[in-house]
Amino acid sequence: MLTPPLPLTRRHLLAAAALGGLARGAHAEPLPALIARAKRSVVVVGSYGLLDNPRFGFRATGFAVADGLHVLTSAHVVPSEAPGRVDQSIAVQVWTPELAWQLRSARLVQKDRRNDLALLEIDGPPLTPLKLATREAPEGTAIALMGFPLGNSLGYVHTTHRGIVSARSAVAVPASDSAGLNPRAVRQLRDGAFEVLQLDAIAYPGNSGGPVFDLETGEVIGVLQGGVVKGTREAALSSPTGITYAVPVGAAAALLAEQKL
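For reference, each letter of the sequence shown is one residue, going -28 to -1, 1 to 233 in mature numbering (1 follows the signal peptide of the UniProt record, and there is no 0).
The set of hints was computed from the structure by calculation and includes no laboratory data.
Possibly wrong hints are sitting among the right ones.
As the list claims (entries may be wrong) - Pair by pair, the computed Cβ-Cβ distance ranges are:
(1) Thr68 - Ser125: 20 to 26 Å
(2) Glu108 - Leu75: 22 to 28 Å
(3) Leu233 - Ala5: 23 to 29 Å
Unchecked claim - Below, simulated BS3-like cross-link-like pairs (lysine-lysine); rule was C-alpha separation at most 27 Å, straight line:
(4) Lys83 - Lys11
(5) Lys11 - Lys232
(6) Lys83 - Lys103
(7) Lys11 - Lys103
(8) Lys103 - Lys232
(9) Lys232 - Lys83
Quick reminder that beta carbons are idealized off the backbone N, C-alpha and C, glycines included.
Given these sequences and hints, build the entire structure.
Now the structure itself:
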């Protein structure tokens, strides 16, 4: 004879929800392990010039995707081609298993100026690509961002900051008058507003183009774009606002899909 199930009380439901949460997080990769793994995939993006001093000029952060021979970064940090200069090119530095930096040449494959994304192709053996999330991150998602804050000032050291997705907000806000319109603002207004991730982790110049990780899955949920700065650029160092923006992973996935990667 079967015994009828007992009715579920609110206490039972809360206990089940707690156990479910533990089960979902049980296989989360510890942050130290995520950092150690990601270092092989997160690269220094810059330029290389035979007549420059130093020859490698730091620009920002990038990370390996797809086949490991492609790197995602921010469009605004990719050096522009200088007319008449054949001695300067895009380059990256990768962290090798021998715990040393290795210079690699790179070329621009495509720019998505609207979403401030750029796709590079690098020479040499493939890196370990980072996995892009297949779903957008909701507000409250615990995140970590990795990059090279201040670049040359602190040396090329992988640096990680933690935070959450504070909000999903529109990046294009209509200016109050014509004085507030610049070419980028006009382009955004023409293309229409699009969503960005607002993070409460502090980012500095040099972090642009770096990956934003979902701490539960270890997947990339965004590409760091920049932070809100009070006054001058130097204020980002002395008085950081703690408000940072990232391009959602969907835009990065679309850029790779265009290249059939």
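Within a Cα-Cα threshold of 27 Å, do Lys11 and Lys232 meet the stated pairing? 26 Å, holds
Between the alpha carbons of Lys232 and Lys83, is the straight-line distance 27 Å or under? Distance ~15 Å between Lys232 and Lys83 Cα, so the pair holds.
Do the alpha carbons of Lys103 and Lys232 lie within 27 Å of each other, as the hint requires? With a Cα-Cα distance of about 16 Å, the restraint between Lys103 and Lys232 holds, given a limit of 27 Å.
For Thr68 and Ser125, compare the CB-CB distance with the range 20 to 26 Å and indicate the outcome. For Thr68 and Ser125 the Cβ distance comes to about 23 Å; the hint holds.
For the hint 22 to 28 Å, verify it against the beta carbon of Glu108 and that of Leu75. Violated - the Cβ-Cβ distance for Glu108 and Leu75, about 35 Å, lies outside 22 to 28 Å.
Do the beta carbons of Leu233 and Ala5 sit within 23 to 29 Å of each other? With a Cβ separation near 26 Å, Leu233 and Ala5 satisfy 23 to 29 Å, so the hint holds.
Is the Cα-Cα distance between Lys83 and Lys103 27 Å or less? 20 Å, holds
What's the verdict on Lys11 and Lys103, does the C-alpha distance respect the 27 Å limit or exceed it? 14 Å, holds
Proposed proximity, Lys11 with Lys83 (alpha carbon, max 27 Å): 24 Å, holds
The structure is inconsistent with hint 2 alone, although it conforms to all the rest.
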